[in-house]
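A.B. asks: Chains as they are written, first to last, in UniProt numbering: chain V, 1 to 257; chain X, 1 to 257; chain B, 1 to 257; chain L, 1 to 257; chain G, 1 to 257; chain F, 1 to 257.
Source of the hints: derived by calculation from the structure; they are not laboratory data.
Possibly wrong hints are sitting among the right ones.
No more than 25 Å apart at the CA atoms, straight line, and that leaves these computed lysine-lysine pairs for BS3-like [claimed, not checked]:
hint	chain 1	residue 1	chain 2	residue 2
1	G	Lys202	B	Lys127
2	G	Lys127	F	Lys249
3	F	Lys208	L	Lys256
4	L	Lys202	V	Lys249
5	B	Lys249	F	Lys127
6	X	Lys256	B	Lys249
7	V	Lys127	X	Lys208
8	F	Lys208	L	Lys208
9	F	Lys256	L	Lys202
10	V	Lys256	G	Lys127
11	B	Lys127	X	Lys202
12	V	Lys202	G	Lys256
13	F	Lys249	L	Lys249
14	L	Lys249	X	Lys127
15	B	Lys249	X	Lys249
16	V	Lys249	G	Lys249
17	L	Lys256	F	Lys256
18	B	Lys202	X	Lys208
19	G	Lys256	V	Lys208
Label-pair ranges, simulated between beta-carbon atoms [as the list claims (entries may be wrong)]:
hint	chain 1	residue 1	chain 2	residue 2	range
20	X	Gln131	F	Asp158	58 to 64 Å
21	X	Glu8	G	Gly126	56 to 62 Å
22	F	Ala205	L	Ser12	38 to 44 Å
23	L	Asp33	G	Met193	34 to 40 Å
24	G	Gly126	L	Ile255	53 to 59 Å
25	V	Glu135	L	Pro110	43 to 49 Å
26	V	Gln97	L	Asp33	44 to 50 Å
27	B	Met193	F	Ala161	23 to 29 Å
28	B	Gly130	V	Lys249	50 to 56 Å
29	V	Gly126	F	Asp129	38 to 44 Å
30	G	Ala5	F	Ala161	44 to 50 Å
31	L	Arg62	V	Asp216	31 to 37 Å
32	V	Gly126	B	Gly130	27 to 33 Å
A short list of chain B residues far from chain X (calculated; beta carbon distances all over 12 Å) [what the hints assert, rightly or not]:
hint	residue
33	Ser2
34	Ser12
35	Asp191
Predicted, not measured: the structure shown is a model, and the values here were computed from it.
Every residue gets a Cβ at the ideal spot worked out from N, C-alpha and C, and that includes glycine.
There are 6 protein chains.
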Amino acid sequence: MSLAALLEAGESVFSAWSSIPDSQTVELVAGLDFGAVTLDMQHGGHHEDSVLRGIGGIRLNRKHPMVRIPVGRFDMASRALDMGAEAVIAPMVNSVQDARAFAAAMKYPPTGLRSWGPSFAMPRSGKSDGQAWLETANAETIAFAMIETRQALSALDDVLAVDGIDGVLVGPSDFSIAWSNGRTVDPALEDMMPAIETIAQKTRAAGKHAAIYVVDPGLVGRFHEMGFRLFALGAEAAYMQEGAPAMLKAARDSIKF
Amino acid sequence: MSLAALLEAGESVFSAWSSIPDSQTVELVAGLDFGAVTLDMQHGGHHEDSVLRGIGGIRLNRKHPMVRIPVGRFDMASRALDMGAEAVIAPMVNSVQDARAFAAAMKYPPTGLRSWGPSFAMPRSGKSDGQAWLETANAETIAFAMIETRQALSALDDVLAVDGIDGVLVGPSDFSIAWSNGRTVDPALEDMMPAIETIAQKTRAAGKHAAIYVVDPGLVGRFHEMGFRLFALGAEAAYMQEGAPAMLKAARDSIKF
Amino acid sequence: MSLAALLEAGESVFSAWSSIPDSQTVELVAGLDFGAVTLDMQHGGHHEDSVLRGIGGIRLNRKHPMVRIPVGRFDMASRALDMGAEAVIAPMVNSVQDARAFAAAMKYPPTGLRSWGPSFAMPRSGKSDGQAWLETANAETIAFAMIETRQALSALDDVLAVDGIDGVLVGPSDFSIAWSNGRTVDPALEDMMPAIETIAQKTRAAGKHAAIYVVDPGLVGRFHEMGFRLFALGAEAAYMQEGAPAMLKAARDSIKF
Amino acid sequence: MSLAALLEAGESVFSAWSSIPDSQTVELVAGLDFGAVTLDMQHGGHHEDSVLRGIGGIRLNRKHPMVRIPVGRFDMASRALDMGAEAVIAPMVNSVQDARAFAAAMKYPPTGLRSWGPSFAMPRSGKSDGQAWLETANAETIAFAMIETRQALSALDDVLAVDGIDGVLVGPSDFSIAWSNGRTVDPALEDMMPAIETIAQKTRAAGKHAAIYVVDPGLVGRFHEMGFRLFALGAEAAYMQEGAPAMLKAARDSIKF
Amino acid sequence: MSLAALLEAGESVFSAWSSIPDSQTVELVAGLDFGAVTLDMQHGGHHEDSVLRGIGGIRLNRKHPMVRIPVGRFDMASRALDMGAEAVIAPMVNSVQDARAFAAAMKYPPTGLRSWGPSFAMPRSGKSDGQAWLETANAETIAFAMIETRQALSALDDVLAVDGIDGVLVGPSDFSIAWSNGRTVDPALEDMMPAIETIAQKTRAAGKHAAIYVVDPGLVGRFHEMGFRLFALGAEAAYMQEGAPAMLKAARDSIKF
Amino acid sequence: MSLAALLEAGESVFSAWSSIPDSQTVELVAGLDFGAVTLDMQHGGHHEDSVLRGIGGIRLNRKHPMVRIPVGRFDMASRALDMGAEAVIAPMVNSVQDARAFAAAMKYPPTGLRSWGPSFAMPRSGKSDGQAWLETANAETIAFAMIETRQALSALDDVLAVDGIDGVLVGPSDFSIAWSNGRTVDPALEDMMPAIETIAQKTRAAGKHAAIYVVDPGLVGRFHEMGFRLFALGAEAAYMQEGAPAMLKAARDSIKF
């Protein structure tokens, strides 16, 4: 079942997050109990090579591969799909022009201008019929536009109206900086919560997918109630910094002094 | 003899195509009986590092290195030249603005705005006189604009008039999608053949080089008659998928049951 | 079904051969129509890193991963298993001492001295019960000793008697050099064929697996009759050098002069 | 003491230059007697991966990491900062629009639009307080706009007025090509020296940092008098081509004939 | 303070464990709250390149770098020291001959036969006086022999008597397999605990360091009482598999159904 | 002209030395004015992958590729030849047994036991006739045994008598440690010079090649008089540490205070 189908069915999906550009580390992350894995090229260290090789390890673990591209690098949106990503996240989609450029890179004609060449994606998906691929790819890949500034919020209705934009992903840290006019970074900023709820509601109303990156796992329930269904948590540093101290504490506590 | 000189002399050139971003694989491809090797950064997996290192293996085999950049990544056009490419292919040159931006990245002033710094290209070519390099580089490097949409076809005359655009390369799969308004991907689509012939004729009439990517080798003759002289075939997957089954069939057939 | 089970069932298995130490190239090879893929660390360029990452791509294509280690590098035999190989091929097993050292590295106690730590193999196989792994791993991994010298032939009975040696693999090029006392390299040398047949017969008589590297696919039938069941063919260079010229010939022939 | 603080204090800083995209080579360069190391992504071979890993080696040697991005790749300006660079150099800033886009990528709101996510920079700097990072990062990172064309010179006053542009770096080779209208590449071109002095003076007058890439070390004094304080020299090829011949000459001269 | 000095002073040291051969992952692990980091080349994926580059990230975080070599690869013991490791762990030291070969690779003459060439270790330690290095290196590097079989236990007194062996490290999983004659893998096997205590006592009595790999952190106290002072815990998979489920549980629990 | 032929003709050859395991750095070193380049796997960071890829860059610059293997890693001697090395240096050949094992790995039967499979060396040399390769390879590849201990000196006559050992290479740093019984590291130690001269004389008398690693280039003449003809100087760190300070000094001196 594709990620698009899962979300279409209303399922909640948790995505792991990977910042380390190394295929073996990605394979490890893909073995964790998440349904999807996002390779981060914006703030994480992923790049063309690590995305290409990392997607292999994600598929080996039968998880859904997602890629976040750097700001404005729509060339990479197409490439991520050619490498086998099921979803691409574009940061800082602050205008309808940004949204259109992103959609153009994500969808084959006539919806967009994506160029033909699924060199890695087709064999990795076990498919070999090009014509069938052309006919189904647009529906089976997801374009998430990140909404993380006041401009983006203002443009939201127009962004959601762009054919080829399949959903939005909220970046709460940047949104908090924007909401506080640069004064505060706080992914749980109470002031901005109503705006975040509005984003979810408008997105759902437009028949599209609402996703959010979550720093504090305890907030997932609240976002779920707002209408979000895809939740990204991580990355490697967070998993390790949660797990290793627990192990070290148990070790140190066991020593009697 | 440079690739530019070969094409100027009217020679037919076959280029291998490489999708695997690995210098050792490129060295292997460069050992095949093609005259040039194209490293594909658009639909193939090549990236800055694999292009830098791959060109070494191409030159070791005395073949002509070419690079296809991702859509709109004109920064990479300059970099490919600095790394030692003799030709750069830019996909989706759909307007004269695209063509001018591409030419600007490919040519030193006053033709373009290419910045000085042939850090790898000069030593790899065995040259050390910077002034001579400046004076000859524009003529010895080839900018191929890809014509693969209806917009590109409409803009062709203007594109060909841009100083610094040395030729066009037709992408028949994308062109078939465009020609069928998104309905069909078929690199041998009969309907579009007259348009492809027009591209070749206009290009030759403008005194520039006509190139084409070819999926079915049997079509090369037809394209040659149209006026194309550079033919790209491949990539690694195609060579292996042609060769390995032949070996396996011979092996299986030799077993008596 | 494991490779061991397949061979136990008397199936003929064809293994692709990979010399290029690059995980993406291996993934491509693994997509060809072979049942297994051997990563060659002796004459090929594979190394610890490429084996670790390459096995991922082989498993992604549901093929059986095999590794040929360098001469005498039995430390690597254990490591290949820890990385997920189902079979390991040790070259130049010329004495019963060599065979014992190889078996020791391949099998957990009490058969051998393999150290515990299937860090990558267990998660890649989808298993998580260490005790079950310990109890089944020895039977599900295959140790192939290469027989490729006169000394090896003399020691064959003793080698086959070593607990933990599961089969032999004949290297016909080296065997031809040995057979001709250094005068000839000819993997089809007629003189040595009776000796090769003897190897197959003794191996089968000992209840073990007979494998052979085959340069000319047409010889597979003959080796099959001798009793060999695993046939290795390749590597990348061979597939490409078979496939690319066929494509180029079709292209050149299509041009009318 | 940060690089920004050093320059603020009027110190002269010498930066090594690295073209080889390899973290171990960068570590070696960082061990030389320079105060900073610049990783060059424009004409050098550096890329996302080598910058991420290279900065580690620079910090290990307690030097200041700088990155030159490719033309127009402002997405990479933000990424370089996230990886731990203290300064970013943008080539071909030829207009105030270029300068604004560069500043936007370099500075957090409200000055710019830099997105939040110092995944590698924060741990590498030994800091963990996000809010403090947000409040100090803009002042502690340096945006150098390259002035290397006649257009850039014309736009200089406006560029220097952009909030978030902290200084300029002159590229004398490109500037000589521009100054000679494409006729000459000569980083010591006498004709252009008054213009270069003007750049330094205007930059200093605007309270910003004047930097220059220097091919002939003997010119540093002259540039210093003009007002430049950061001098980049190199890269690896230059250091080796200066050092190895000296060693070889000593060796050859020691042989008596 | 060197690791040797710390252990000499009777301090308890916790070492992280790394299996992923990637310098950026190692840098992340080195940022966790352990005092040392061990790069595992036996069951982990580390290799020459990842050890060389990984040690940089460990030193950047001011932790003590340790390396576990593959079985019998004493060439790598010397190389690990040349790359900057402070301690090397050799697995399967089952005889006094093994111990002598290990010590020979670890110590400069006259104690051993380590060859001169600290190409990376010296600059990484900030030292430049070769003679001083020669005089102090043997005391400042630690050779840990792994005791994990019955043979090793029998040979323990002799192993401990070898000049150049500085301590032992117990591998409890392998030891449990040995102790149960291949029937069980259980790093907490009660039956073997007296033998493990004996190892610690003899080691301490010989004036050497007792170290142990610990699967269950809760056992550290017990091993500490036996006399062990260096405890290795991990690796990346363990940290993530401890941390990610905790985050996911918090996330899932927060959703109200 | 092969390196073997050059040395046979009595030419003096200077070899660069490379410690950085990176193909692009090797290509740079290969562009310096040395006749050969040695990739160091013992004290340098080179490994299987960097040797494979580095040799490409050496051949691109038409220099002679040499490889120094780690202590006792004779499997790698064969592999280096398969990758295209013309000479292999084995460190710590301290006995005739070591020499025989080394020769066995270096030479095809009947001289040695080198296994067939010049997968990379043949295409890189432009040759394709296997039988001719078999007949000429032993003469065209050079096995250098390092003489760097008192044991090695004692065994020298026997080592030189081994068929397949083509020369010796003196490591003066290790030899000084040995000569001083571990007290001093001094590659110019006066006391040992007569012994070094003896090595050269015996080697020449045996009709074999005398080579030496030289730290102080000024000593080359003296070693040349002793009979040495291949001189290794370097590596990258040395070239840079000679060149960069010269550039920095010129820069600093040019500033008037």
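A.B. asks: Work down the list of hints and note, for each, if the structure agrees.
C.D. replies: Going down the list of hints, with the structure as the test:
no.	hint	verdict
1	Lys202(G) / Lys127(B)	violated, 38 Å
2	Lys127(G) / Lys249(F)	holds, 23 Å
3	Lys208(F) / Lys256(L)	holds, 23 Å
4	Lys202(L) / Lys249(V)	violated, 58 Å
5	Lys249(B) / Lys127(F)	holds, 23 Å
6	Lys256(X) / Lys249(B)	violated, 31 Å
7	Lys127(V) / Lys208(X)	violated, 39 Å
8	Lys208(F) / Lys208(L)	violated, 65 Å
9	Lys256(F) / Lys202(L)	holds, 22 Å
10	Lys256(V) / Lys127(G)	violated, 39 Å
11	Lys127(B) / Lys202(X)	violated, 62 Å
12	Lys202(V) / Lys256(G)	holds, 22 Å
13	Lys249(F) / Lys249(L)	holds, 20 Å
14	Lys249(L) / Lys127(X)	holds, 23 Å
15	Lys249(B) / Lys249(X)	holds, 20 Å
16	Lys249(V) / Lys249(G)	holds, 20 Å
17	Lys256(L) / Lys256(F)	violated, 42 Å
18	Lys202(B) / Lys208(X)	violated, 68 Å
19	Lys256(G) / Lys208(V)	holds, 23 Å
20	Gln131(X) / Asp158(F): 58 to 64 Å	holds, 60 Å
21	Glu8(X) / Gly126(G): 56 to 62 Å	holds, 58 Å
22	Ala205(F) / Ser12(L): 38 to 44 Å	violated, 59 Å
23	Asp33(L) / Met193(G): 34 to 40 Å	violated, 56 Å
24	Gly126(G) / Ile255(L): 53 to 59 Å	violated, 37 Å
25	Glu135(V) / Pro110(L): 43 to 49 Å	holds, 47 Å
26	Gln97(V) / Asp33(L): 44 to 50 Å	holds, 49 Å
27	Met193(B) / Ala161(F): 23 to 29 Å	violated, 38 Å
28	Gly130(B) / Lys249(V): 50 to 56 Å	violated, 25 Å
29	Gly126(V) / Asp129(F): 38 to 44 Å	holds, 42 Å
30	Ala5(G) / Ala161(F): 44 to 50 Å	holds, 49 Å
31	Arg62(L) / Asp216(V): 31 to 37 Å	holds, 35 Å
32	Gly126(V) / Gly130(B): 27 to 33 Å	holds, 32 Å
33	Ser2	holds, 22 Å
34	Ser12	violated, 7 Å
35	Asp191	holds, 21 Å
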